[in-house]
Amino acid sequence: MGKKAVSIAVWTVISILGAIAFATLAWHRGETVSAAWMIVAAVVTYAVAYRFYSKFIGYRVFGLNDGRATPAQVINDGKDFVPTNRWVLFGHHFAAIAGAGPLVGPVLAAQMGYLPGTLWILIGVALAGAVQDFVVLMGSMRRNGKSLGQMAKDEIGPVAGVLGALGIFFIMIILIAVLAMVVVNALKGSPWGTFTIAMTIPIAIIMGLYMRFVRPGKVLEGSLIGLVLLILALIGGQAVANSSLAPYFTFSGQTLAILMMIYGFIASVLPVWLLLAPRDYLSSFLKIGTIFLLALGILLVLPNLKMPSVSRFVDGTGPVFAGPLFPFLFITIACGAVSGFHSLVSSGTTPKMLEKESHARFIGFGGMLMESGVGIMAMIAACALDPGVYFAMNSPAAAIGTDVANAAHVISSWGFQVTPDQITNLAKEVGEKNLLSRTGGAPTLAVGMASLFSHFFGGFMAFWYHFAILFEAVFILTTIDAGTRIGRFMLQDLIGNVYKPFANTRNYGFNVIASAITVAGWGYFLYQGVTDPYGGINSLWALFGIANQMLAGIAFAVVTTILIKMGKARYSWVTIVPMVWLLVTTLGAGLMKVFSGDPKIGFYAHAALIQKSIDAGKVVAPMKDMGQMHEVVFNDHLDAIVTLVFVAVVVLVVLAALRIWYKVLFKKERIALQESEFVPAQGASAHA
Amino acid sequence: MNQLIAAWKRLNTHVKTIFGMPNYERYLEHHRQAHPGETPMSEREYYMYCLKERYESGKVTRCC
Numbered sequence: 001m002g003k004k005a006v007s008i009a010v011w012t013v014i015s016i017l018g019a020i021a022f023a024t025l026a027w028h029r030g031e032t033v034s035a036a037w038m039i040v041a042a043v044v045t046y047a048v049a050y051r052f053y054s055k056f057i058g059y060r061v062f063g064l065n066d067g068r069a070t071p072a073q074v075i076n077d078g079k080d081f082v083p084t085n086r087w088v089l090f091g092h093h094f095a096a097i098a099g100a101g102p103l104v105g106p107v108l109a110a111q112m113g114y115l116p117g118t119l120w121i122l123i124g125v126a127l128a129g130a131v132q133d134f135v136v137l138m139g140s141m142r143r144n145g146k147s148l149g150q151m152a153k154d155e156i157g158p159v160a161g162v163l164g165a166l167g168i169f170f171i172m173i174i175l176i177a178v179l180a181m182v183v184v185n186a187l188k189g190s191p192w193g194t195f196t197i198a199m200t201i202p203i204a205i206i207m208g209l210y211m212r213f214v215r216p217g218k219v220l221e222g223s224l225i226g227l228v229l230l231i232l233a234l235i236g237g238q239a240v241a242n243s244s245l246a247p248y249f250t251f252s253g254q255t256l257a258i259l260m261m262i263y264g265f266i267a268s269v270l271p272v273w274l275l276l277a278p279r280d281y282l283s284s285f286l287k288i289g290t291i292f293l294l295a296l297g298i299l300l301v302l303p304n305l306k307m308p309s310v311s312r313f314v315d316g317t318g319p320v321f322a323g324p325l326f327p328f329l330f331i332t333i334a335c336g337a338v339s340g341f342h343s344l345v346s347s348g349t350t351p352k353m354l355e356k357e358s359h360a361r362f363i364g365f366g367g368m369l370m371e372s373g374v375g376i377m378a379m380i381a382a383c384a385l386d387p388g389v390y391f392a393m394n395s396p397a398a399a400i401g402t403d404v405a406n407a408a409h410v411i412s413s414w415g416f417q418v419t420p421d422q423i424t425n426l427a428k429e430v431g432e433k434n435l436l437s438r439t440g441g442a443p444t445l446a447v448g449m450a451s452l453f454s455h456f457f458g459g460f461m462a463f464w465y466h467f468a469i470l471f472e473a474v475f476i477l478t479t480i481d482a483g484t485r486i487g488r489f490m491l492q493d494l495i496g497n498v499y500k501p502f503a504n505t506r507n508y509g510f511n512v513i514a515s516a517i518t519v520a521g522w523g524y525f526l527y528q529g530v531t532d533p534y535g536g537i538n539s540l541w542a543l544f545g546i547a548n549q550m551l552a553g554i555a556f557a558v559v560t561t562i563l564i565k566m567g568k569a570r571y572s573w574v575t576i577v578p579m580v581w582l583l584v585t586t587l588g589a590g591l592m593k594v595f596s597g598d599p600k601i602g603f604y605a606h607a608a609l610i611q612k613s614i615d616a617g618k619v620v621a622p623m624k625d626m627g628q629m630h631e632v633v634f635n636d637h638l639d640a641i642v643t644l645v646f647v648a649v650v651v652l653v654v655l656a657a658l659r660i661w662y663k664v665l666f667k668k669e670r671i672a673l674q675e676s677e678f679v680p681a682q683g684a685s686a687h688a
Numbered sequence: 001m002n003q004l005i006a007a008w009k010r011l012n013t014h015v016k017t018i019f020g021m022p023n024y025e026r027y028l029e030h031h032r033q034a035h036p037g038e039t040p041m042s043e044r045e046y047y048m049y050c051l052k053e054r055y056e057s058g059k060v061t062r063c064c
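As you go down the protein sequences, you meet chains A and B in turn. Under my numbering, the first residue of the first sequence is numbered 1, with each subsequent residue one higher. Under my numbering, the first residue of the second sequence is numbered 1, with each subsequent residue one higher.
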């Protein structure tokens, strides 16, 4: 047989295997199904998408050419622009894109059963997520590593540039608020977790001092010291939780939210060497290590999925997030399927380090497939739990109350049998007092991971639970301080458009003001999320998902413009199809969140309902007094306005892009593509 | 033994690149080639310079 025939045979077998896996997942009847089927379905989807679709996009659409020098080859400044081995660069890119996002979304989406979320993760990544990361990387690579905002400005126009920057700033605010919310929900009333997380601050400072004064620049030694201290803090946390010190580390959600804001503010004005950089190193190691452990745990244990394939909550009545499958599933799972934020990373450091053009395929497309794999692992960990336990942990108090017996009764009445003892015993096993309404995904994932790890380490459930909480909290806190700092720069830049001196980042006064505004921005949403019974993950996560997907929509609009200017309009469906899909789901979800007549979904409808009670002078549960009633109404209006701002930004950017497309395609105007010059690669013939 | 040391050094370099950490050895080598005769930054100066570049430029280096 020829090589080609072998290849066809192999890919046919792989595809059939994938089809069997999907069929098993979809039509399996009975108690449980093995996670192995989900893994096979995922791996086959990734393999086929990579082998065929990414090749098509890379060569046919974009014309990747190893005869063309990359920015790293041309500039090679020994600092940012350094040709890097593709495996190492893959690691660099993955470490930059991987975060808490793909671990949270799938856990929330599990309320609809394992199938809808899994299908969206796999189809979404193949046709949208990996495509976005790949095409943005290629676009930036052909422009000396320019950022997405800069590309929007160059290729579409200055208005699109400013709008894009504004959009990114708002997304940053919501992102930080929602991630902080995840940490608050994981730490409230948990002295073990709180102590461990609090200790990461002095640990980072010790590392910072070491790497600056004791052994200057020895970052690996510093990180090793930090990791050892971290494990000690984790073990010490248990001792603290069982001692008389416990009350000093037991906080309510409100207190934790305020502490988080104070931390975010201080961290963003302190010198970076003291806290931010060492923390970043610590969380990077922890992140990659834990993702690796999680993968190992799932592959070795191959747990059974106890969640039904499709649950009754596809109709939109679920307690974890409100709204029907379409469009809300598609904004609940952003990271893992398609994450607009990646367009910032793909146009960040990675394009400056590519050794060859062809490597962009493995790094851009492949990197996102790997993140999608993390999303699938989170889905498996959540669906391997008893559904009753899952709902106990993920339903807000407004739905199941705060009493274990009552919660078990309510959840059982939904058709997910669970006993009060089951919930209490699990809490005891993981070393917590209470696991009810631990929304936000992190604790659910932690319980899932703890049961996987304790399965093959023979116990230590409580240790692994807090290890998982530690790992999520550490890298979320790193996102909070780094994000606040980035938000500060963005704000200074934006205000600098109107009032020039404000853009001067060396002015300490302006730095403090910009930091304070940024912290106040996310702090408000965080605080509202804790105090407002209707706030929290329930409404914040939807805002975050909408914002993140809209950024992806903007990224696709930019790249489509590039393709049309390149004269590749006939292939522009590659980016237009996902763009339209994202616009439909996010505008749909956004407008439903604002205008839906159902008070469970629509902000205005909900505000009107509460206002009616206020007018009648009645306080309705779960609000406690009139003040809180007014607060809820105000927050509904605020959330509606923020959503409308997102909608406006994305619509305006797309309209600006459409104008360019129209000019090029119909008026046959010549609008120059803003690519950097062609430089032949060293040691390669000009065509490859 | 020499091979082991070389492999260990390579691993160090890779880890630093993956996590975006400053790599003084690489800087020295680049400096020697690109600016022969000039005095390079000390390891501490280079470390502080890199941190400033990475964390105080307002560039997005991570994700959600």
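Hint data in this document are derived by calculation from the structure and do not stem from the laboratory. Note that this is a predicted model, so its numbers are computed, not measured. C-beta atoms are modelled at their ideal positions from N, C-alpha and C, and glycine is treated no differently. Check before you lean on any hint, since a few could be wrong.
[What the hints assert, rightly or not] Derived list of chain A stretches under chain B, where covered just means 3 residues or more per stretch with a C-beta under 8 Å from a C-beta of chain B: (1) 135-145; (2) 209-220; (3) 455-467; (4) 485-491; (5) 611-619.
[Stated by the list, open to error] Mimicking PhoX-like on lysine-lysine, the simulated pairs with C-alpha atoms at most 20 Å apart in a straight line are: (6) Lys9(B) / Lys52(B); (7) Lys565(A) / Lys52(B); (8) Lys52(B) / Lys218(A); (9) Lys568(A) / Lys433(A); (10) Lys356(A) / Lys55(A); (11) Lys16(B) / Lys668(A); (12) Lys16(B) / Lys218(A); (13) Lys79(A) / Lys356(A); (14) Lys16(B) / Lys52(B); (15) Lys79(A) / Lys9(B); (16) Lys568(A) / Lys663(A); (17) Lys79(A) / Lys16(B); (18) Lys55(A) / Lys3(A); (19) Lys59(B) / Lys218(A).
- request: State the violated hints by number, sorted upward, taking the hints as numbered earlier in the document.
  value: Structure breaks hints 1, 3, 5, 6, 7, 9, 11, 19.
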